[in-house]
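Work out the full structure: start from the sequences and follow the hints.
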Amino acid sequence: MSASTATHDHHGEHEHDHHELGWFQKYIFSTDHKVIGIQYGLSGLVMLLFGFFLMMIMRWTIAYPGTEVPGLVMLSKLPLVGNFFANWIEQWAPGGIVSPALYNMFGAMHGTIMVFFGIVPLGFAAFGNFVMPLQIGAIDMAFPKLNMASFWCFFVSAVIMMASFFLPTGAVQSGWTMYSPLASTEGMGIKNVWMHGHTWWLLAMVFNISASLLGSVNFIATAINLRAKGMTWFRMPFFSWAMMVTAFLLLLAFPPLEVAAILQLGDRVFGSSFYLPTGLMEGGQRLDISGGGNPLLYQHLFWFLAHPEVYVLILPAFAICSDVLPCNARRPLWGYKMMIYAVLTLAFLSFIVWAHHMYLTGMGVMMSTFFQITTVLISVPSVILLTCLMITLWGGSIRFNTQMLFASAFLPMFGIGGLTGLPLAFNFIDLFLHDTYYVIGHFHYVVAPGTIFALFAGVYHWYPKVTGRYMSDLLGKIHFWPSLICMNLIFAPMLYQGMLGFHRRWYDGGKYFEQVTNGHLWTNELISFAAWGLALAQIPFIINVFVSIKSGKKITSDNPWDATTLEWNTPTPPPHGNFLSEPIVYRPAYEYSVPGVEQDFLPQHVADNGVPAEKTAVAANHH
Amino acid sequence: MEQSHDDLQKHVKKYVKIGIILGVFTIITVGLSYIELPTHGLNIIVGMIVATFKAALVALIFMHLNHEASMIYKILLFTTVFVMGLFVLFYLAHGDGLVFTQFDGYPGTPYGGAPH
Amino acid sequence: MDIPFTRKPRPDTGLYNAKLGVWLFLASEVMLFGGLFSSYIFLRVGADYHWPVHELNVTLGFVNTLVLILSSVTVVMAWANLKMRKIGAYKVCMWITVASAGVFMVNKSFEYKAKFEHYGVKLKDGTILTGHLPEGGYRIEFGDVNKLTLNSKTGDPTYFLEYTKSENPKFKTAAGTEVELTKSAWKELAAEAIKAKQNSVVLTSVAPLTFAVKESATFTHTDSTLTFRDGTTIEGKLINDALTLQVDKVDVRASDDPKKSLAWTYLGTEWQHAFDAHQEHAKEKYKSFDAKDARYLRHVMQMEIHHSTVAEHNEAHPGAGHAAETHAPAEGNHKADGHSSHYPEATIARKDIAFWSNFTPKWNTYYGIYFILTGLHGLHVVAGALVLAYFLLFDTKLLREDPDHLANRIEVGGLFWHFVDLVWIFLFPLLYLL
Ligand code: HEM
Ligand SMILES: [Cu+2]
Chain A
1 MSASTATHDH HGEHEHDHHE LGWFQKYIFS TDHKVIGIQY GLSGLVMLLF GFFLMMIMRW
61 TIAYPGTEVP GLVMLSKLPL VGNFFANWIE QWAPGGIVSP ALYNMFGAMH GTIMVFFGIV
121 PLGFAAFGNF VMPLQIGAID MAFPKLNMAS FWCFFVSAVI MMASFFLPTG AVQSGWTMYS
181 PLASTEGMGI KNVWMHGHTW WLLAMVFNIS ASLLGSVNFI ATAINLRAKG MTWFRMPFFS
241 WAMMVTAFLL LLAFPPLEVA AILQLGDRVF GSSFYLPTGL MEGGQRLDIS GGGNPLLYQH
301 LFWFLAHPEV YVLILPAFAI CSDVLPCNAR RPLWGYKMMI YAVLTLAFLS FIVWAHHMYL
361 TGMGVMMSTF FQITTVLISV PSVILLTCLM ITLWGGSIRF NTQMLFASAF LPMFGIGGLT
421 GLPLAFNFID LFLHDTYYVI GHFHYVVAPG TIFALFAGVY HWYPKVTGRY MSDLLGKIHF
481 WPSLICMNLI FAPMLYQGML GFHRRWYDGG KYFEQVTNGH LWTNELISFA AWGLALAQIP
541 FIINVFVSIK SGKKITSDNP WDATTLEWNT PTPPPHGNFL SEPIVYRPAY EYSVPGVEQD
601 FLPQHVADNG VPAEKTAVAA NHH
Chain B
1001 MEQSHDDLQK HVKKYVKIGI ILGVFTIITV GLSYIELPTH GLNIIVGMIV ATFKAALVAL
1061 IFMHLNHEAS MIYKILLFTT VFVMGLFVLF YLAHGDGLVF TQFDGYPGTP YGGAPH
Chain C
2001 MDIPFTRKPR PDTGLYNAKL GVWLFLASEV MLFGGLFSSY IFLRVGADYH WPVHELNVTL
2061 GFVNTLVLIL SSVTVVMAWA NLKMRKIGAY KVCMWITVAS AGVFMVNKSF EYKAKFEHYG
2121 VKLKDGTILT GHLPEGGYRI EFGDVNKLTL NSKTGDPTYF LEYTKSENPK FKTAAGTEVE
2181 LTKSAWKELA AEAIKAKQNS VVLTSVAPLT FAVKESATFT HTDSTLTFRD GTTIEGKLIN
2241 DALTLQVDKV DVRASDDPKK SLAWTYLGTE WQHAFDAHQE HAKEKYKSFD AKDARYLRHV
2301 MQMEIHHSTV AEHNEAHPGA GHAAETHAPA EGNHKADGHS SHYPEATIAR KDIAFWSNFT
2361 PKWNTYYGIY FILTGLHGLH VVAGALVLAY FLLFDTKLLR EDPDHLANRI EVGGLFWHFV
2421 DLVWIFLFPL LYLL
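Protein chains in written order, with our numbering: chain A, 1 to 623; chain B, 1001 to 1116; chain C, 2001 to 2434.
Keep in mind that the hints were calculated from the coordinates and are not lab data.
Among the clues, some could well be false.
[Stated by the list, open to error] Only pairs whose alpha carbons sit at most 27 Å apart, straight line, appear in this in silico DSSO-like list of lysine-lysine:
hint: 1; chain 1: B; residue 1: Lys1074; chain 2: C; residue 2: Lys2008
hint: 2; chain 1: C; residue 1: Lys2091; chain 2: B; residue 2: Lys1010
hint: 3; chain 1: B; residue 1: Lys1014; chain 2: C; residue 2: Lys2008
hint: 4; chain 1: A; residue 1: Lys191; chain 2: C; residue 2: Lys2183
hint: 5; chain 1: C; residue 1: Lys2197; chain 2: A; residue 2: Lys77
hint: 6; chain 1: C; residue 1: Lys2091; chain 2: A; residue 2: Lys191
hint: 7; chain 1: B; residue 1: Lys1010; chain 2: C; residue 2: Lys2008
hint: 8; chain 1: C; residue 1: Lys2008; chain 2: A; residue 2: Lys191
hint: 9; chain 1: B; residue 1: Lys1074; chain 2: A; residue 2: Lys337
hint: 10; chain 1: A; residue 1: Lys77; chain 2: C; residue 2: Lys2195
hint: 11; chain 1: A; residue 1: Lys191; chain 2: C; residue 2: Lys2170
hint: 12; chain 1: B; residue 1: Lys1017; chain 2: C; residue 2: Lys2086
Treat the numbers as computed from the prediction; the structure is a model and nothing was measured.
Below is the structure:
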């Protein structure tokens, strides 16, 4: 695209067809999918950072159990809120030493926040909201008001979740999986069970799930009904495909979690026994319950959601990489159709593998065999996706800008994560590795250096479209390399620890389990230092995001990366309504380095004669 | 899709008829539940067959699923498959346990002694 | 800026946005209720007690089924009438639909209320007695209370003083000052204690106190101490710890030995004889059944009681076989008060009670899933009715200017409404009949 189309003068000419919205309607209670995307994105980033902060404190306790966390008591010296924190620290971390209860609290909240309040909002809700409608040529989501409701539902759930830290009982302490019966009876001895952190967790999740449902209905309806003229299913970029499939996963997998949460709420506040077996004792006392329930019901309902959920975490990452890699390798996406079939298969299979998280619950041979087979099967489509992305790089003329670094690092990191999952798929190996740090290492390899790196790539990639300025490439590289090193120093030793038998929920890092850990405790320290190093490595990123808004290098074209998809065919930043004229799609999504074409890319809206579709559409209207 | 006045008029009559059929089958369901079939399981199966028939009428006629856009069928097909997955949960926990592979207390195993 | 396909379907998909949206939403609803029905099966298959059959009020459930079917018919007729521009008929149909939702919920609330007021008591030997509690319910009575120990962090006088029988009780602190335990007074005391790093505050009562405490407000109690849920412990003497029940059914299916059931200790041997007679009769009647068949046990090992004395009972049921055939449960026909004359009263020592509760989710997993399923379904009914009522009452401008658009809305709202009906079609037999 020539630079002449770069800076559309979109201010003067379109003033008349939309009246000015007030500040609140424009930035807070906005129904514009881009603003909502940014809202989700910022909240997601903040939550990720907060979840990471919890983990840093936990890492101290693991590396140096029973010692004071440096700086924790400083919180009580803050102006205004100091007194408040002083009481809180006195209760949960007397003298700055993390209590076991606080460790459990942070552990449970770290998982919850990262999964439900960090990655999903950022990967699915933020990128999906901002990019997907632009990419398929829609002027907004199909239901803009529902979209706004979705964000505010999410916001309420986040507030409830955060506030639960400050209840007298503290936040939930039963791990992010909330296994009953412990989770059903945790803290039941208080006057008012409604005022317990766990109960608030359940309430927050009900809102969170509602937000997801609203969002996913919107995504799918938009993808089906609002595609631009000429945007056939097989011209739709893989990014949008992956987002739509993710939306389906959310739509159909979240309700069982809602059931699980509602039944657990019943156990907690209405005294029911859905998950409580007959004769359950706690603290030597028979509980005042009817019994007759079954904790396995909870686990089944939970994992019925939570396995599809892990694909909700990873598919947006594939989505982003499928845009960033071809664009920066200047090669078409290899095996585009195969990837679509793979992602559909993956989504389908992800619903029938859940019990691989439950091999050790006394499952019989038949079921266990079934789930081992499906679990091994599901790695086939995963490998197809990964391989297609990798082959895309073959023979490309690669631009190693920051987003490309992150996106290409995603490939081996996800590879390790996926491969370490395979042994877990077999019950006889899982017998030894279940609930150890190996499992932690496995899924963090997928989610942290995997998904989160892809999300970073996405931020660097679409930032110019959002703000009209580039992020600094230098700061980006200072962000990338230490992050890559630290991530591996954190998660590779975990695989090793797990094989030694380090349990995933030890409060003291294994100090009192010498038979297992003797001589290996140094790995705890190594991991902790790497984690704090990782935190430092995020500082350039934070600076980059904020400083570049005002002083980043200005883009000179609406399509700064010479990409092919429709979102780059909009003014920057895209106005309310997105496109200046109705976009029409003439070609597949990844026409890079087409032989015989002068430019090395052909955007989707360019008609065969080489004239941008937009112009032809305008011309056609004049006839 | 647009329907003519006459079509709609016919539809209204059909809706009333279906409503009456549903009412009649409700009475049948209640009546059947008081007849003791050879096993109670049979009662449940019969009851569920009648309920499924009623539900099908509601879905096909009232919800117009007898003529709907193909996209809706696709969505519902997937949903049905997954919901079937949900319905095997009970079997996973109750039907297929470790009992088949359990040691029956060989002397000398850590589980020594016969289970009771 | 107008979103396309809000009114007219998109040609290639044949759908307008809202219809697509509602079907997607319904797909997720199918998963939600699918999960709940699956839980129902799970719990029923795994139940280690006798799963209740025909225990709810079938008449109410039946009426509600018809009401929902009626409303399903009217809502789809409303749509068709609007399409034909028969505005009057459209409005009538909509009104009937919304009113049906109201009737449904009113019926539901009667059902719920009856369950809240009906109790089950499981005795230590497995025998189950059901019935109503006399006025005031069950209270643990505790007298001669002089000493109270409050937890300085969690203690809450407003919580436990609710259960004293004495008016305006006064207390003395360890230092000897006299206090009345108002909220502010307690706050001061607690703050002082926390400052002095004392976990608890000990108070003595000026005059001995008597408490009558509901069990759910306590942690534990012995003959001389009782601990409330806020952590407060009182010391005194246990006066009375027995539950009085107006028994309307005896169920010995799970008794260790039905002949020696604790029920007969509390109801007397006369009722045991009545039961034996009933059993003989029922055995004869159901002799074609296997003796382990749950239905056989249901008829033979249970007896309903509608009379306060055995004499009346025998008179009403010569042959004594009738009780088990009246499938309609006792509640619903009676108000909670004023029926004490219908039932024999049993005063059961707490030590003989294994578990007791009203028929709420606490009683067993059947009532748990019943309340969750019907409660969630009820929420859907309310939500659907509100949406339809909104279309009826507030979309008047649309009705005038663009009836086809309003018809779309009615269609979408109606789809949801039919789904709610569809769920009930399964709920009714599963919970009420089978
Ligand atoms: C590619 C093939 C994969 C296979 C074969 C696989 C297999 C497994 C298995 C068997 C477990 C259970 C381990 C145990 O608890 O003992 C597990 C845990 C886990 N996996 Fe994977 N996995 C794969 C990919 C992924 C992906 C893509 C994600 C996405 C984020 C992921 C996230 C998780 C998480 C979060 C857990 C642990 C949950 C917990 O117990 O807290 N896995 N995996
Ligand atoms: Cu999994």
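Checked hints:
1. Lys1074/B x Lys2008/C: holds, 21 Å
2. Lys2091/C x Lys1010/B: holds, 20 Å
3. Lys1014/B x Lys2008/C: holds, 26 Å
4. Lys191/A x Lys2183/C: Measuring from Cα to Cα gives roughly 17 Å; hence the hint holds.
5. Lys2197/C x Lys77/A: Holds, at about 21 Å.
6. Lys2091/C x Lys191/A: violated, 50 Å
7. Lys1010/B x Lys2008/C: Holds, at roughly 24 Å.
8. Lys2008/C x Lys191/A: Not OK: Lys2008/C and Lys191/A at ~56 Å, beyond 27 Å, violated.
9. Lys1074/B x Lys337/A: Within the cut-off at roughly 19 Å; holds.
10. Lys77/A x Lys2195/C: Holds, at roughly 19 Å.
11. Lys191/A x Lys2170/C: Status holds; Cα separation ~24 Å.
12. Lys1017/B x Lys2086/C: holds, 20 Å
Taken one by one, the earlier hints fail for this structure at numbers 6, 8, listed in ascending order.
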